[in-house]
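Enquirer: Sequence:
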Amino acid sequence: MLSTLAECDAAEVQLPATRQSSSHHLQWQSVLARTYVERPIADEFTTLPTANFLVVMVTGGMYSIEGVSDGRWRSTVYRPGSTGITAPGNASTLRWRAIGTRPLTSLQVYLAPELFVGVRAEDDDRALDVLPDALAVDDPVISTVTSAIGWALESEASSLYADSAAQFLAAHVVERHLTCRSAPRGRGLGARALAHVVGYMQDNLADEITLEQLAAVAGLSKHHFLRSFKTATGVTPHGFLVEIRMQRAAELLVARTSTVSWVAARCGYRSASHFAAAFHRHHGTSPTAYRLARVSAR
1 MLSTLAECDA AEVQLPATRQ SSSHHLQWQS VLARTYVERP IADEFTTLPT ANFLVVMVTG
61 GMYSIEGVSD GRWRSTVYRP GSTGITAPGN ASTLRWRAIG TRPLTSLQVY LAPELFVGVR
121 AEDDDRALDV LPDALAVDDP VISTVTSAIG WALESEASSL YADSAAQFLA AHVVERHLTC
181 RSAPRGRGLG ARALAHVVGY MQDNLADEIT LEQLAAVAGL SKHHFLRSFK TATGVTPHGF
241 LVEIRMQRAA ELLVARTSTV SWVAARCGYR SASHFAAAFH RHHGTSPTAY RLARVSAR
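Taking UniProt numbering, the leading residue of the sequence shown gets 1, the next gets one more, and so forth.
Honestly, I wouldn't trust all of these hints.
Pair by pair, the computed Cβ-Cβ distance ranges are [what the hints assert, rightly or not]:
#, residue 1, residue 2, range
1, G239, A293, 22 to 28 Å
2, I41, V68, 16 to 22 Å
3, E7, A289, 44 to 50 Å
4, Q27, A289, 30 to 36 Å
Distance condition first, Cα-Cα at most 20 Å in a straight line; then the derived SDA-like pairs of lysine to any residue [claimed, not checked]:
#, residue 1, residue 2
5, K230, A195
6, K230, R102
7, K230, R192
8, K230, A191
9, K230, E243
10, K230, V242
11, K230, G190
12, K230, A250
13, K230, V295
14, K230, F240
15, K230, Q213
16, K230, V198
17, K230, E212
18, K230, A297
19, K230, L252
20, K230, V217
21, K230, Q202
Just so you know, the hints here were simulated from the structure itself, not pulled from any lab data. Here a beta-carbon is modelled for each residue, glycine too, at the ideal position from N, C-alpha and C.
Kindly generate the complete structure, drawing on both the sequences and the hints.
Expert: Next up, the structure:
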């Protein structure tokens, strides 16, 4: 689980920035996302360490930033898309000055330490002792996945989506930025385990389904479950779950006269508006229009 919110809040107090939004209320299991507006000028300050891996991505403005590394000040220019990473247990000493007048905004993503365990081998449950730490990292994958988590925050996406993205991001950091010993790959997702996972999804459509729950049903670590599930089905667990929910929603809309809100709740959506948006993306029409078209076609 993500280290305590109090720990993240304590680290936030040190920031010369104002929080704009947070994913805390979304009940994500292994990732916390927050957006900030930074002060245009920040004199030297030192962040508090947390047990989590932190990714910071600039979303607006441009500034010259300096950080202490190996006892020396090192500088770079941050612009939208620029990304920095802080390893668990590390503090960062920073200072910056804005370039131009555009507001400085950022997205901060905390990844729980257990996401990094067992990435290299299914039977390797030891946490990695050393994770990368850099004022700036040039990695399009980190930027893209961090942006996806930012979208998940903005759209209030499910825990399954956010935690899957976080697990992929953690696996990428390990595979791309660490040199570790080779280890044998663990077992994949067999037909029986896959059937159990799909059955679990179908039996719990009305509930919040997490990556941790699905991995436990399969008997795999979250990282290996993600990889094995996509190998077996061709889609991510989140994509597969959305497909099941949309199929069930279509059946309920045609078979019953219940409200759209009732159908939304039965299919695991927190609000009718979120459900309607997802339904339109999937079926190309609104739930009400879909029901009318199908009923009139009988």
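Enquirer: Does each hint fit the structure? Answer for all of them.
Expert: Here is how each hint holds up against the structure:
1. G239 / A293: 22 to 28 Å: Cβ of G239 to Cβ of A293: about 25 Å, so the range 22 to 28 Å holds.
2. I41 / V68: 16 to 22 Å: Holds: the Cβ-Cβ distance is about 18 Å, inside 16 to 22 Å.
3. E7 / A289: 44 to 50 Å: This hint holds: roughly 48 Å between Cβ atoms.
4. Q27 / A289: 30 to 36 Å: Holds, since Q27 and A289 (Cβ atoms, about 32 Å apart) stay within the stated range.
5. K230 / A195: With Cα atoms ~14 Å apart, K230 and A195 stay inside 20 Å; holds.
6. K230 / R102: violated (41 Å)
7. K230 / R192: Given that 20 Å is the threshold and the Cα spacing comes to 16 Å, the pair holds.
8. K230 / A191: holds (13 Å)
9. K230 / E243: holds (14 Å)
10. K230 / V242: holds (14 Å)
11. K230 / G190: holds (12 Å)
12. K230 / A250: violated (25 Å)
13. K230 / V295: Distance of about 36 Å is beyond 20 Å: violated.
14. K230 / F240: holds (9 Å)
15. K230 / Q213: holds (17 Å)
16. K230 / V198: The given pair, whose Cα atoms are some 13 Å apart, holds under the 20 Å limit.
17. K230 / E212: Roughly 16 Å between the alpha carbons, so the hint for K230 and E212 holds.
18. K230 / A297: violated (36 Å)
19. K230 / L252: Status violated; Cα separation ~28 Å.
20. K230 / V217: holds (16 Å)
21. K230 / Q202: holds (18 Å)
Checked against the numbered hints above, the structure breaks hints 6, 12, 13, 18 and 19 and satisfies the rest.
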